[in-house]
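Student: Add chains V, W and H to chain P, keeping to what the hints say.
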Amino acid sequence: MVSIFITAFIVGGLICVVGQLLFDVAKLTPAHTLCILVVVGSVLDGVGLYEPLIDFAGAGATIPITSFGNALTHGAMAEAEKHGLIGVMTGMFEVTSSGISAAIIFGFIASLIFKSKGKV
Amino acid sequence: MDEKKYAKLEKDTSPKTPLMRNMIFAFLTGGTICLVGQFVSLFYMTYFDFTERTASNPTVATMIFFAMLLTGFGLYKKIGQFGGAGSAVPITGFGNAVISAAIEHKSEGYVLGVGGNMFKLAGSVILFGVFSAFVVALIKTILVKLGVVSW
Amino acid sequence: MNKVTYEKAYCIKMEGTHIRKLSLVIFAVIILSGCSGSGFRIDNNSSENQAKAEEVLKNDKRLTSAVTTFHENNLLTAVTLKTFSRFKKVKIEKELKEKLENGYPELDVTVSADSKIWMEMNKLIDLKDNKDKGKKIEKLKSLIKEET
Amino acid sequence: MVARGLLTFKTTPSIAATGVTAGPLEKKSLFAEKFDKVYEDERCGMKTNEHAHAKMMEDACMIALSKVDSVPSDADFLLIGDLINQMTPSNFAAKTVGIPYIGLFSACATSVSSLLMAALLTEIGMSKCAIAGASSQHNAVERQFRYPNEYGGQKPDTAQWTVTAAGVAAVTPHKKGFPSIECGTIGCVIDLGMTDPLNMGAAMAPAAADTLIRHLTGHNKDVKDYDVIMTGDLGKTGFELYKILAGNQGIVVTKKFRDAGEEFYGADAAFLSGASGAGCSAAIFLTEVIDKMRAGDYKRVLLIATGALLSPLSFQQGDTIPCIAHAIELTMK
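So the protein sequences, as listed, match chains P, V, W and H.
Each step along the first sequence adds one to the number in our numbering, with nothing skipped, and position 87 is 87.
Each step along the second sequence adds one to the number in our numbering, with nothing skipped, and position 1 is 1.
Each step along the third sequence adds one to the number in our numbering, with nothing skipped, and position 131 is 131.
Each step along the fourth sequence adds one to the number in our numbering, with nothing skipped, and position 24 is 24.
Mixed in with the good hints there might be a few duds.
[Claimed, not checked] Straight-line alpha carbon distances no greater than 30 Å define the calculated DSSO-like cross-link-like pairs of lysine-lysine that follow: (1) Lys299(H) - Lys333(H); (2) Lys117(P) - Lys255(H); (3) Lys82(P) - Lys58(W); (4) Lys47(H) - Lys10(H); (5) Lys155(H) - Lys119(P); (6) Lys37(H) - Lys10(H); (7) Lys78(V) - Lys27(H).
Calculated directly from the structure, the hints in this document are not laboratory data.
Predicted model only: the values in this text are computed from it and were never measured.
Just chain P, same shape as in the assembly (with noise of 0.2 Å):
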């Protein structure tokens, strides 16, 4: 139980300078290489990879941007296993909602509460 916490922090750590080569060695915007993190992750989830990568490393593999898209395609594939291919439409943001709505949320708040400032 313990050793999660180095786990978390080795993978979570890895998953991000996989990020930084996009960045910087295929030289992709900020946009592009999330993008394809999230297709990344939606794929390892299809073939059933990215489960065992959260039971191995807990919030290292929940934390990064990879977990959307494996949550997205665990939400249609349950589903789709229930209810068959309807399900794959109506499943999807079943596991996600939450950061979608977190974002949304405070997103909403701090626009109320602050401004953007030039600082370096």
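Tutor: Frame of chain P; chains V, W and H shown alone:
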């Protein structure tokens, strides 16, 4: 001077990207953010009825809350300049993209400005996440129906 | 030239603080790991023979600890796994469940490798009176179900 | 080479006064004490960045006018520009000051192109006092051309920091004891295929080098004739490239070569490659250079303002960054 020659000259004179430094900083920053996430998740497991798996939802929301504070106080861009992908790849980076756009477009009003531009940067992540999830789940469902693989 | 040296100094400075922070965290984790009680605990309030369960759990090299309780017709086991065995968490849960079901065919067997369940089980075993145990076990079972 | 795009002013119009305003962060600039007004608030007490942008421009105009003991109704023309959507900040500033106005756009090269236009109007006798200049505001420019200000993206060492500043000059017919505009060169758009909006210096360097060479050959001048040859906002990376390009054309690169963008914030690594923006060249040309000319340190200077003519749309559609540079030659007699 033609474009190719100039591109070569530009490459030779411009400062090199410090790849090793960037990678180390990305590793440390990303790792630290995930470590914080693990502590948050432990908090939810200890004090609430969340299991390892279900704790990830409130953890993600909490991390985005932290991202809101850091973004609002102008600290996230400092972390971003230092950590590169280490701060962009975690869900806090997604939060920062949404929140920074929301703050910036406040001047155009809450409906057209904040509402219309909030997902200016992060929208593509949602689009590609959803679409790839759709394709992957569809392929898997069809393969299961054909009896090639099982769930 | 000046800029390069400045940057280098900046890198070294920042790197230092991070490594110090990291080592502090690792240190804290090690201390924590020393405190958390591990091992194999069994709490038996029923007439069942616990030897079979003990054998299954203790002989499994992938486990670091296991907490088991027999209560009425429930057999609930929470285990923690070795670091790299966590990859196969779902598979191990399933295997253990099968083995225990073979040993106790008449009991309702539940196995979980979740740390939340493990924490709750430790608390449960430490409870002095048995009155609330049934209720708590049901609750844990529903938590486990929720997860899958 | 046929000499095209060259301007010579027989009447040598003068820069009778300048007005330079800057934001709070610009206190870090090496030239901060030379600015006429430095705001404590990055929005200059206004509601939005764009209003602050307009306000800075207005104040700069008023300061320049007051230095020649004039009010806006004494001025004949207002020739200013900026980079925000259809130059709205300049348009709003022009509305407030109420001087007959033409908005000019040459991106960051507007500081020089506006001076050239003002000199032309003065040369043909149509203007007794023309206000010319350019401005930029960091927050407004960043959100339009790059990311929201609070976005945590990593900028490479080649990136430049857009300056919050406005600089204008009052151009009058020749006046003794003031720097006068002798000649100038209108630049051609040069595009050597650079696409990185976080490395503008490299995109603009060829345009600067091209205009420099055209000016020297066209007006039959030599580097030796000048006390300083200052470029606008190439930044550290762009300035290096520009010197190499000029050197390749047989020009002896000496200490006379300076770059406003490179010098603006000094050696502060937080600003990466240096400063940029229309306000950067305007602020430095109209303070540092003009002051030194009036003090007699510089007799003859060549100012080359560079501008990247991109838009967020053209960049996203994958186009390269076309660049321009305009040159103006000032003398002090």
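Student: Next step is simple, just say for each hint if it's right about the structure.
Tutor: Hint by hint, here is what the structure shows:
The suggested pairing of Lys299(H) with Lys333(H) holds, with an alpha-carbon distance near 7 Å, which does not exceed 30 Å. A C-alpha spacing of about 37 Å is found between Lys117(P) and Lys255(H), which places the hinted pair above 30 Å, so the restraint is violated. With a C-alpha separation of about 37 Å, the suggested pair Lys82(P) and Lys58(W) falls outside the 30 Å cut-off, and the hint is violated. In summary, the hint linking Lys47(H) to Lys10(H) is not supported, as the alpha carbons are separated by about 46 Å, beyond the 30 Å threshold.
At roughly 14 Å between alpha-carbon atoms, Lys155(H) and Lys119(P) fall within 30 Å of each other, so this suggested pair holds. In summary, the hint linking Lys37(H) to Lys10(H) is not supported, as the alpha carbons are separated by about 34 Å, beyond the 30 Å threshold. Between Lys78(V) and Lys27(H) the alpha-carbon distance is near 20 Å, which keeps this suggested pair within the 30 Å criterion.
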